[in-house]
Amino acid sequence: MNMYFQDFKMTENNKPDLEKIAKEQHAIKLAQKEKESNYYPEKLEEFGLKTINRFVDFHPDPSKYMKLGITFGHKGMEPVAEAMANNEPWAVVSGLNPSGPLHMGHKAVFDELLWMQKNGADVFIPITNDESYVVGKTSSLAESRRIAIEQVIPSIIAMGFKAEKTKIFIDSDYMDIYNVAMDLSPHLTLNKAFGVFGFDKSEQGENPGTMFYRSGVQLAQILLPQYEEFGGPKPTLIPVGIDQHPYIQLSREVARKKGFIPPAELDLKFMWGLDGKGKMSASREESAIFLTDSPEVAKKKLKKSYTGGNPVADYQRQHGGIPEICPIYTLRTYHFESDNNVGESCSSGEILCGNCKNEAVEQTLDYLSDHQAKLPEARKRINEYILTTPIRSIFK
Amino acid sequence: MKLEQLLSQRGLVLQSPSAEEIRTRASKTSPIKLFYGETYDAYGNTIDSMKYYFFVADLAKSLKQEGFEVEPTILVADTAACRNVSSQLEYKYMTLGKERAKFVEEVNEVYGTELKVLRMSEYIDSPEFQEELQKVIDTCTGNPELMVKVEKSVPESKIEIERKKGFMYSFDEITTIIGLDVKIGPPREDLYDNIAREIAADRGEKGLMSLFLTPTLPLGMNWAYFFSNEGIENHGITAYKAGSKRLQDHRVLVGRMDSDYVKEQINQSFISENPNLPNPVLDVGIISEIARKRIGGEDTPVDLAERFYNGEIKPLELKKIVGDLVHEYVLSRF
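In order, the protein sequence lines correspond to chains L and U.
Under this note's numbering, think of the first position of the first sequence as 1, with each following residue one higher.
Under this note's numbering, think of the first position of the second sequence as 1001, with each following residue one higher.
Worth flagging that the hints you see were computed from the coordinates, not collected in a lab.
Predicted model, so just to flag it, every value in this text is computed and none were measured.
Any given hint could be a false lead.
As the list claims (entries may be wrong) - Reference listing, derived: stretches of chain U covered by chain L, where coverage requires no fewer than 3 residues with Cβ under 8 Å from a Cβ of chain L:
1) 1216-1230
2) 1266-1279
Stated by the list, open to error - Listing some non-contacts, in silico: residues in chain L with all C-beta distances to chain U over 10 Å:
3) Q25
4) I28
5) L44
6) K137
7) E206
8) G209
9) G241
10) K303
11) N355
Idealized CB from N, CA, C, for every residue including glycine.
Please build the complete structure, drawing on both the sequences and the hints.
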């Protein structure tokens, strides 16, 4: 008997009450789906953001993530759209914490950035090794820098970004970012910064570095493309998780004071972790497929993954699975499918979790093999992507 | 063309009373008064005004064919157009009003529309109108709920000026339309129409019927313009004022623009096969197609929208068709 069933009440003839088990599981997952489906619309309303639907309606070729509603909200995207449509310069900034190799959750964001680059964006990718260190995710600045150079940057390059329109910088190597942070600081009060970031003095891990990073350096990263060295001020788009909305709101205020164009916010749904306990995260290794995972490791993680299915196959065939909360569905739809076929097959009961996982393994291993084959060449090209432009305009 | 066919032309009629409701009114009121009123600005005559002229004329023709007596009128609201211009510009705007009235006459000649043209200045000072105006003002000012609606009929940007002027623009408009049968106009005019209907109902008189045509949209604007201007697909820009939202270079100005310029604007225009999205090219195409049918003596419904949305005509093909139609049957005729 499957261990899973041991927790359930047995019927008189000492067999598990499968229908009861199936119903209970279905109900639990439905409730989870309900919670999930309300979360983002409620946040949109709370923050006064707009859905991406209008953009999808009007753009001649919106991204897959937008069409599927994975990219779901925005604020202030109008100047970006105008620039996009008129072939005028615009930028996108998406930072990354190099505490470990990239995983498939990161890839989702980078796929969206690639679409933006195809639509004219200059892509700025700050590698925030200073943040990794000050918040205690790595043991030293050198350690997070090493991860960035050896693992993170080659993976980004291997995804297909064009060198001439991509500006990657490791914070601790690109000292100008700290000058820009200083330049912006007078436009923000401590009161405001405390209001947005908290900075609880008693909280473990808070230190002067986290304070300077969040309220200074992070703003500098967001507003960097608007300095004249990069042809600014210009429309800038910041893809974020919706929990980061207050930071973008703050940067919009500072941008106005500085005479820049308030950066637009683009909201992406997070990707479910394979453990079903929240978003895919490097801090829960079993939740993530890392782009450097071996086929064996990746396969094992996928096979063990939580799903939106039901422990009783017949019940799932009849009632369907719940793809909306399923990490395998999310993984396949985000990365390997061009439409929502997997979701439809799952909800109709046409496909069961075992087969779906097998297909996910095949697709993931193919991708990882292809990606990993590109890494040696990508490592040789790092210098083509690294930003070195000095920011002199702040000294005028 | 049968009344039912006229009222169900896709891409042209947004909202309409039923054919039966119009027939019932026509059978009780003779002649049935069909009306479209407009102001203007100094940038010229738009093809979008012609959409309304053609529709009023077609509605009149359709009812006449059924044996009803009809009075189709185009009002050039010259006095209203002068309300918000300086006294130095008043003469110029009154002259522009005459030019707009002349344009309607020209449309009558070219397309055989048989529309009666009336300028507001011709009746606004008459004792009959002034008496009716006073009654409307008394009714509205004596009813706080109605006054709220009068205020709402004014765009927010003009509310302070109108308040100082005692909402005379709105009262003139309401008084003008109160005794009409079918008023053809853009959807925004529902605000005036509702007040007029309410007053008429209070008096136990017949209420006017509103018939709205599709909103007017600018040419030569890309997808981002429409994305950024939320709601434009519902309210459009002002059909009869070429300079509405400073988009005079993105309109078809009859008698002022050459065909090559307009064709270029059409080529640069946003176009989508999604029927829920604005389609400025199709809009100009429908007007030009009506012009073609009138010149050719064809009394059949316009099916351009139907053919485009069922995939018979592709977007680039539509742009070419519309460019040729607007040249041949509109621009070259003035």
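Do the hints match the structure? See the list:
1. 1216-1230: This one holds; 8 residues, not fewer than the three required, reach chain L with a Cβ under 8 Å.
2. 1266-1279: holds (count 5)
3. Q25: Fine: 40 Å to the nearest Cβ keeps Q25(L) off the interface.
4. I28: holds, 38 Å
5. L44: Given a closest Cβ separation of 15 Å, the condition holds.
6. K137: It holds; K137(L) is separated from chain U by about 39 Å at its closest Cβ, greater than 10 Å.
7. E206: holds, 41 Å
8. G209: holds, 40 Å
9. G241: It holds; G241(L) is separated from chain U by about 24 Å at its closest Cβ, greater than 10 Å.
10. K303: holds, 42 Å
11. N355: holds, 36 Å
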